[in-house]
Amino acid sequence: MVRKGIPVKKLFADMNDFLDKEIFVNGWIRTRRDSKAGISFIELNDGSCFKNLQIIVEHSTPHLKEIIKKINTGCSVGVSGVLRESPAKGQPIELDARDITIYGEADPASYPLQKKRHSFEFLRQIAHLRPRTNTIGAVTRVRNQISYAIHQFFQERGFYYIHTPIITTSDCEGAGEVFQIITEGEGENFFGRPTYLTVSGQLQAEIYALALGKVYTFGPTFRAENSNTRRHLSEFWMVEPEMAFADLEDDLNLAQDMLHYLISRVLDSCKEDLEFFRKFIDKGLFSRLEVVATESFEVITYTEAIEMLKNSGESFEFPVEWGEDLQAEHERFLTEKKFKKPVAVIHYPRTLKPFYMKVNDDDERTVAAMDILVPEIGEIIGGSEREYRYDVLLEQMRQKNMNIDDYQWYLDLRRYGSAPHAGFGLGLERFVQFITGVQNIREAIPFPRTPGHALF
RNA sequence: UCCCCGGUAGCUCAAUCGGCAGAGCGGGUGGCUGUUAACCACUAGGUUGCUGGUUCGAGUCCGGCCCGGGGAGCCA
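The letter at position 304 of the first sequence is residue 304 when you use my numbering, and the numbering goes up by one with no holes.
Heads up, some of the hints might be wrong.
As the list claims (entries may be wrong) - Keeping only pairs whose Cα atoms sit at most 20 Å apart, straight-line, the calculated SDA-like set for lysine to any residue is:
| hint | residue 1 | residue 2 |
| --- | --- | --- |
| 1 | K70 | N26 |
| 2 | K214 | D250 |
| 3 | K51 | R30 |
| 4 | K341 | E307 |
| 5 | K4 | K21 |
| 6 | K341 | L267 |
| 7 | K337 | M308 |
| 8 | K341 | Q327 |
| 9 | K65 | I102 |
| 10 | K4 | D96 |
| 11 | K400 | Y388 |
| 12 | K51 | Q145 |
| 13 | K70 | G38 |
| 14 | K69 | E105 |
| 15 | K4 | W28 |
| 16 | K271 | F286 |
| 17 | K214 | G158 |
As the list claims (entries may be wrong) - Simulated DEER-style distance windows between Cβ atoms:
| hint | residue 1 | residue 2 | range |
| --- | --- | --- | --- |
| 18 | L411 | D268 | 44 to 54 Å |
| 19 | T229 | D250 | 31 to 41 Å |
| 20 | K89 | G38 | 14 to 24 Å |
Simulated from the structure, these hints should not be mistaken for lab results. Note that the Cβ used here is the ideal one computed from N, Cα and C, for glycine as well.
With the hints as extra help, turn the sequences into a complete structure.
Structure below.
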């Protein structure tokens, strides 16, 4: 049986409980420094937290003097010793090694990770080793905290977690290109009809919202769009809450509460990781997060946004005209220059949005949609009140030339016990990007899939 | 898919007008009385992405291709 180590995180959190006592730790070596006559310093990281544990190895012990020669960056070890206050600056505690077990060596001549900064492009090529770096380790812990907090947020508010299908038969009109399911033997006929990887769980979530009241899905989604940018993935995770008996205002409030909650939780729980991002990736990280965690969003209508852009005095590459979609440059102006905080743009022209969005009562040209835009990333949440009136929905589907037969089940929800309902979608990786400041979304997911790239 | 930039040692990058391909880090060896990406000395390490062309001579100029990055579109 493998001897269990005390997590480094626990050693730092409760150091007084362990001082001057014999303890055991497991982990991977980050660096080794040999120093003047007979002492080596090794930095051990076990992934439990950002910090390394400094281990002191006295060469006066013949046994250790032999072992230390094999200890290089990347190797895995178990160390027993006495935890002491560190006499030197840089760390409060250190482990005075009595014995070291090497589980797995790492040949320094070929081990790709060095004790220095690597480019993210290089690390992506060794995606199986990059979680051992400071940055990817920290991103992974933050992503975990966000995922956990998402469940907590919705569970605390009475939402039920539902699992919507990965394999679907609808292509959720307007959500981009789809991957089709083909089997080696049956071709596309395995299910007796064409099937696709889901682009969104929303339509199925609506089914359960109109039965359980408040639900959310949280899972992978797939887009076959040939878009190669630092903000797009072919496989990404989405959180999609759906509420019955709710309108656009409820939807906005939920989205705002959620963002406040998630950011606050990460600020509380991942201080060291965030401090690393502030230091090496984004100097303004904390002020940016504080703004989103505490302030209410600026809410403006699409029509107001168009007016603001027209009167801004800015020269835009793309035209600003009512009925035209907001371009990235327009969104950036609103979030980064005009308001300098998240902006919710509501009531878009119905021609720009999918069939399921509710047509506004007071202005039939627009739908009860919302896009929440944040600085740097752009759209992070998209949502709407859903059209719950059978006749209006049917008319919308006809106008968009949809195959009505494929959506009888969806229309049934409006035929039997329909109710006002609303929901939104949050792209998890974009949110991770926003929180950590990593420039490329490929650093926000462990195994990024993009056009032409699928490792492992 | 379009536009722009790039590809030189294991990594990060230099190489002036077309004229002997270099440095730091990493590796190896040796040194150094507690180091903080330790430090000092020595040392090994190259098909300059591939391909065709121009030239006495190409890392450098031209064509084609491959790969990477940034921006745009599409979207979350």
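Status of each hint after checking the structure:
Among the hinted pairs, K70 with N26 is consistent with the structure: their alpha-carbon atoms are about 16 Å apart, no more than 20 Å. Restraint check for K214 and D250: the C-alpha separation of about 12 Å stays at or below 20 Å, so the hint holds. At roughly 11 Å between alpha-carbon atoms, K51 and R30 fall within 20 Å of each other, so this suggested pair holds. Annotation: proposed proximity of K341 to E307 holds, straight-line Cα distance about 19 Å (limit 20 Å).
For the hint linking K4 to K21, the alpha-carbon distance of about 16 Å falls within 20 Å, and the restraint holds. Between K341 and L267, the direct Cα distance comes to roughly 18 Å. Compliance with the 20 Å bound is thereby established for this hinted pair. Taking the CA atoms of K337 and M308, the gap is near 12 Å; set against the 20 Å cutoff, the hint holds. Straight-line distance between C-alpha atoms of K341 and Q327 comes to about 18 Å, which keeps the hinted pair within the 20 Å bound.
At roughly 13 Å between alpha-carbon atoms, K65 and I102 fall within 20 Å of each other, so this suggested pair holds. Distance hint between K4 and D96 is fulfilled; the C-alpha atoms sit about 18 Å from each other, no more than 20 Å. The straight-line distance between the Cα atoms of K400 and Y388 is roughly 17 Å, inside the 20 Å bound, and the hint therefore holds. Only pairs whose Cα atoms come within 20 Å are accepted, and K51 paired with Q145 is accepted, the gap being roughly 17 Å.
A threshold of 20 Å between alpha carbons decides the hint, and for K70 with G38 the separation of about 16 Å falls inside it, so the pair holds. At most 20 Å may separate the alpha-carbon atoms for a hinted pair to count; K69 and E105 meet this at roughly 11 Å. Of the pairs offered as hints, the one joining K4 and W28 holds, with about 14 Å between alpha carbons and a cut-off of 20 Å not exceeded. Distance restraint check for K271 and F286: the Cα-Cα separation of roughly 10 Å lies within the 20 Å cut-off, and the hinted pair is therefore satisfied.
Distance check on the hinted pair: K214 and G158 sit about 7 Å apart at the alpha-carbon level, within 20 Å; holds. A C-beta distance of roughly 45 Å is found between L411 and D268, which places it inside the suggested range of 44 to 54 Å. In this structure, T229 and D250 meet the distance hint of 31 to 41 Å, their C-beta atoms being roughly 32 Å apart. The supplied range of 14 to 24 Å is met by K89 and G38, whose beta-carbon atoms lie about 21 Å from each other.
Hint compliance for this structure: no hint is broken.
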